[in-house]
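S.K.: Could you put the whole structure together from the sequences, leaning on the hints where they help?
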Amino acid sequence: MELIKAEESQIPTLVRISKEAFDSDVKVGAKEAGGPPGYASYEWHVKMMQQGHLFAAVEENKIIGGAILFHDEQNASLMYVGRIFVDPSLFHRGYGLMLMNKLEQIHSEITIWQLETPIWNMRTNNFYKKLGYSEKFRDHESVYYQKVI
Numbered sequence: 339m340e341l342i343k344a345e346e347s348q349i350p351t352l353v354r355i356s357k358e359a360f361d362s363d364v365k366v367g368a369k370e371a372g373g374p375p376g377y378a379s380y381e382w383h384v385k386m387m388q389q390g391h392l393f394a395a396v397e398e399n400k401i402i403g404g405a406i407l408f409h410d411e412q413n414a415s416l417m418y419v420g421r422i423f424v425d426p427s428l429f430h431r432g433y434g435l436m437l438m439n440k441l442e443q444i445h446s447e448i449t450i451w452q453l454e455t456p457i458w459n460m461r462t463n464n465f466y467k468k469l470g471y472s473e474k475f476r477d478h479e480s481v482y483y484q485k486v487i
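According to this note's numbering, the residues represented by the sequence shown are 339 to 487, in order.
By construction, these hints were calculated from the structure, which means they are not laboratory data. Model, not experiment: these values are computed from the prediction. Careful, some of the hints might be misleading.
Claimed, not checked - Calculated lysine-lysine pairs in the DSSO-like style (CA-CA distance at most 27 Å, straight line):
1) Lys468 with Lys440
2) Lys365 with Lys400
3) Lys467 with Lys385
4) Lys365 with Lys468
5) Lys485 with Lys467
6) Lys385 with Lys468
7) Lys385 with Lys440
8) Lys467 with Lys440
9) Lys400 with Lys440
10) Lys468 with Lys369
11) Lys343 with Lys485
12) Lys343 with Lys357
13) Lys467 with Lys369
14) Lys400 with Lys343
15) Lys357 with Lys385
16) Lys365 with Lys343
17) Lys440 with Lys369
18) Lys440 with Lys343
19) Lys400 with Lys385
20) Lys343 with Lys369
21) Lys485 with Lys474
22) Lys400 with Lys474
23) Lys400 with Lys357
M.R.: Printed below as a string of structure tokens:
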């Protein structure tokens, strides 16, 4: 798998995959189809691409998922994973794990990784714990995780 800065020609595919991936959360506890802000918006993904936050996960010239990353402006060693998403047809094949590992490889200067995920989503909570993330705190909607390398 390769992780590259997204290009505008990739946006329609990334939006489709994002929408399908987040909408599939109804199978793991979401009350209805939906996702984080902008998850199904072409314009939002273009904005993320223009700002340098959107990445495409590509395998054998096929987009299989994506990621939104934010560098912390105050701490150069801190990265916030805004979201990752994998094509649901590829769930349970290790692509999420490969994507997260690739993020760490291409950003080897980052020593602190942070993210959040909904409390109700046991799939993502278990996934991030498996990757070595520790719970920092939680509120009534989300669990906030951190991984120190």
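S.K.: Confirm or reject each hint.
M.R.: For each hint, the structure was consulted:
no., hint, verdict
1, Lys468 with Lys440, "16 Å, holds"
2, Lys365 with Lys400, "26 Å, holds"
3, Lys467 with Lys385, "30 Å, violated"
4, Lys365 with Lys468, "20 Å, holds"
5, Lys485 with Lys467, "9 Å, holds"
6, Lys385 with Lys468, "31 Å, violated"
7, Lys385 with Lys440, "23 Å, holds"
8, Lys467 with Lys440, "17 Å, holds"
9, Lys400 with Lys440, "16 Å, holds"
10, Lys468 with Lys369, "25 Å, holds"
11, Lys343 with Lys485, "23 Å, holds"
12, Lys343 with Lys357, "19 Å, holds"
13, Lys467 with Lys369, "23 Å, holds"
14, Lys400 with Lys343, "14 Å, holds"
15, Lys357 with Lys385, "17 Å, holds"
16, Lys365 with Lys343, "30 Å, violated"
17, Lys440 with Lys369, "31 Å, violated"
18, Lys440 with Lys343, "13 Å, holds"
19, Lys400 with Lys385, "22 Å, holds"
20, Lys343 with Lys369, "33 Å, violated"
21, Lys485 with Lys474, "10 Å, holds"
22, Lys400 with Lys474, "35 Å, violated"
23, Lys400 with Lys357, "17 Å, holds"
Comparing the model with each earlier hint shows violations of hints 3, 6, 16, 17, 20 and 22; every other hint is respected.
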